[in-house]
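Just so you know, the sequences run in chain order A and B.
Read in the working numbering, the first sequence has 17 at position 17, and its numbers run on one by one without any break.
Read in the working numbering, the second sequence has 227 at position 227, and its numbers run on one by one without any break.
Be a bit skeptical, because a hint or two may be false.
Footprint (simulated), chain B over chain A, 3 or more residues, beta carbon under 8 Å [what the hints assert, rightly or not]:
(1) 43-55
(2) 94-108
(3) 156-168
Just so you know, the hints here were simulated from the structure itself, not pulled from any lab data.
We put the beta carbon where it would ideally sit given N, CA and C, even for glycine.
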Amino acid sequence: METAGKINLATMWLSGCSGCHMSFLDQDELLIDLARKIQLVYSPLADIKNFPENVTVTLVEGAVNNEEQLDLLKKARNRTKIMISLGDCAVTGNVTALRNAWRDSDKAVLRRAYLETADFHPQIPNDIPKLLKKAYALHEIVKVDYFIPGCPPSAGLINYVLTELLCGRTPNMENRSKYG
Amino acid sequence: MNDEIVINPITRIEGHAKVTILLGKDESVKEARFQVTDFRGFEKFCEKRPFYEMPSITSRSCGICPVSHLLASAKACDEIVAVNIPRTATLLRRLMHMGQIIQSHALNLFHLSFPDLLLGMDADPAKRNIFGLLESYPDLARQGIRLRKFGQEIIEKLAAKRIHSSDWIVPGGVKWPLTKEKADYLLANLPEALDLTLKTISMFKDQLQNLDEEVQNFGNFPSYYMGLVTESGGLEHYDGKIRMVDPDGKIVADQLDPTKYFEYIGEADEPWSYMKFPYYKPLGYPEGAYRVGPLARLNISSHCGTPLADEELREFKKLGKNGVVQSSFHYHYARLVEILFCIERAKEILEDPEVLSENVGAKAFVNRSEGVGVAEAPRGTLIHHYKVDKEGITTWVNMIIATEHNNNAFNKAVTQVAKKYIKAKQLSEGLLNRVEAVVRAFDPCLSCATHALGSMALDAQLFDSEGNLIDRIIH
Numbered sequence: 001m002e003t004a005g006k007i008n009l010a011t012m013w014l015s016g017c018s019g020c021h022m023s024f025l026d027q028d029e030l031l032i033d034l035a036r037k038i039q040l041v042y043s044p045l046a047d048i049k050n051f052p053e054n055v056t057v058t059l060v061e062g063a064v065n066n067e068e069q070l071d072l073l074k075k076a077r078n079r080t081k082i083m084i085s086l087g088d089c090a091v092t093g094n095v096t097a098l099r100n101a102w103r104d105s106d107k108a109v110l111r112r113a114y115l116e117t118a119d120f121h122p123q124i125p126n127d128i129p130k131l132l133k134k135a136y137a138l139h140e141i142v143k144v145d146y147f148i149p150g151c152p153p154s155a156g157l158i159n160y161v162l163t164e165l166l167c168g169r170t171p172n173m174e175n176r177s178k179y180g
Numbered sequence: 001m002n003d004e005i006v007i008n009p010i011t012r013i014e015g016h017a018k019v020t021i022l023l024g025k026d027e028s029v030k031e032a033r034f035q036v037t038d039f040r041g042f043e044k045f046c047e048k049r050p051f052y053e054m055p056s057i058t059s060r061s062c063g064i065c066p067v068s069h070l071l072a073s074a075k076a077c078d079e080i081v082a083v084n085i086p087r088t089a090t091l092l093r094r095l096m097h098m099g100q101i102i103q104s105h106a107l108n109l110f111h112l113s114f115p116d117l118l119l120g121m122d123a124d125p126a127k128r129n130i131f132g133l134l135e136s137y138p139d140l141a142r143q144g145i146r147l148r149k150f151g152q153e154i155i156e157k158l159a160a161k162r163i164h165s166s167d168w169i170v171p172g173g174v175k176w177p178l179t180k181e182k183a184d185y186l187l188a189n190l191p192e193a194l195d196l197t198l199k200t201i202s203m204f205k206d207q208l209q210n211l212d213e214e215v216q217n218f219g220n221f222p223s224y225y226m227g228l229v230t231e232s233g234g235l236e237h238y239d240g241k242i243r244m245v246d247p248d249g250k251i252v253a254d255q256l257d258p259t260k261y262f263e264y265i266g267e268a269d270e271p272w273s274y275m276k277f278p279y280y281k282p283l284g285y286p287e288g289a290y291r292v293g294p295l296a297r298l299n300i301s302s303h304c305g306t307p308l309a310d311e312e313l314r315e316f317k318k319l320g321k322n323g324v325v326q327s328s329f330h331y332h333y334a335r336l337v338e339i340l341f342c343i344e345r346a347k348e349i350l351e352d353p354e355v356l357s358e359n360v361g362a363k364a365f366v367n368r369s370e371g372v373g374v375a376e377a378p379r380g381t382l383i384h385h386y387k388v389d390k391e392g393i394t395t396w397v398n399m400i401i402a403t404e405h406n407n408n409a410f411n412k413a414v415t416q417v418a419k420k421y422i423k424a425k426q427l428s429e430g431l432l433n434r435v436e437a438v439v440r441a442f443d444p445c446l447s448c449a450t451h452a453l454g455s456m457a458l459d460a461q462l463f464d465s466e467g468n469l470i471d472r473i474i475h
């Protein structure tokens, strides 16, 4: 997968709204420069279906919400040098973790949506990945190397962090990062 | 015996889904299912919160169309506080919505779908994305980036933030007015956006000649269509009333009150998807399945109301019988017509003498215990419904999301494509990509729809009816 002179970048979304990925795209024309420096090896914006080996940087949006996401995250961690929590859901759980305030939240949210508001065939779906008991921030599950908070983080901040990392420097988040 | 092919995850769509293709005894495709695989539970965790938090929380359903959620939510809250918002606030909310439809449609076309249409359905999957497009069609990819940026800048100039601009849209109107400087900036950039759109429409129509097979087979079937229309039956995205049109173009219901949606829309569940299945109640489930979104809006509307979009709409309607275009592939064309409309409408709003007025918000507290807000999101009709107690704390929340309405149509469409292209005994990545491409045509927004999957490898396995593995693709 390694292409001459380019750094392997992966992006993934777990349970979130895709807003952090949209903010990534909000780099607008800077994406054209970025394209010269990175090889996108795995992403919801691309078609490689299996998380590859030897990824240099992985940006992860979203909280860890179901069993499938848990497995994918662990696999990605094992295959990534630098893992970054992108946005408030990955960093803290944020809106995805609002459900955690309810007792047996996995059951409570499903009951509310599929039994109490359906007019026909009310039933809880079962042939799909199972919800975890609660939604987790990324670093509760795996080691995270950098955190970019924000809902979403601005395109400028995402660009800053990537640029620093691509130049081999450590991003300085002081006065740059904020929640919400 | 469960013989199936699984495509997981579907990529270049918004959200988490997979497709399972079920095979019959003779190894032909029996049925295909579009399955949504994640769920966040907004309807539950939005309970017991102050109603004025709703725009801010519910817009987090979706990072692509947060503005539609802000609008539907704020409209539900306007009802709860029982105010008619100032005309300028309506103009500014509409303007923001135009920005969002432009950016969302541009995203689907350039960043997600054009890699299939221009690089080819069978192109190298490592290159079949926006970065691959930048390499092979740099000018076109740059056009897409610029057009999406124009839409995002409308939002940013109004609300100071591109995504989740929930500081600005509030119950009763908007928080601050538009300045002349910002209006002038947008007006100065508008001609370029218009030019890019016209160029893209012309390119798309040239390409159509080579895409006849896709047009014929990508979700090409009769269905009902639903959406908001103006009083005169024109294209509408913010206010308006519900119209339902049958497969022959006959209006079966018109000017229905959108806040009474529960009288004519029901929701069904299936055990194999986190996304619910709405249906038109008078016809029942599943016969009452309908489509929403750009294609449906153009099918139900007699006109757009702006000159260039009206001209393009006439061209569009020629592709169908009685002005109803059945092929889901033409969601792409419909998106282009809508972008054109939104740019023209944005110009009209920016030139309205009242757009810079400083009267942009009404202040009031809880005056009603219930509110429903409805808007046309980029992907179709979006409904927010809240009940609150005397203190304004939510006791019950229901959301019907644009993408959900199309749930039945997704399944019909993936089945049609799978039947056409997937012949048992042999699979190829490119054939499976066609199944994904039809999903992209609908532009589903699944974070929204399941009020929000992880990904596993694409491991497509083909078994014969004895359960023997006859073909397998992993990548």
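Hint check results:
Check result for the region 43-55 of chain A against chain B: holds, 9 residues qualifying (beta carbon to beta carbon below 8 Å, three or more required). Coverage of a stretch by a chain is defined here by at least three residues with a beta carbon nearer than 8 Å to that chain's beta carbons; for the region 94-108 of chain A and chain B the count is 9, and the condition holds. Remark: the region 156-168 of chain A is not confirmed as covered by chain B, as 0 of its residues place a Cβ nearer than 8 Å to a Cβ of that chain, below the required three.
Figure legend: structure checked against the earlier numbered hints; the only hint not met is number 3.
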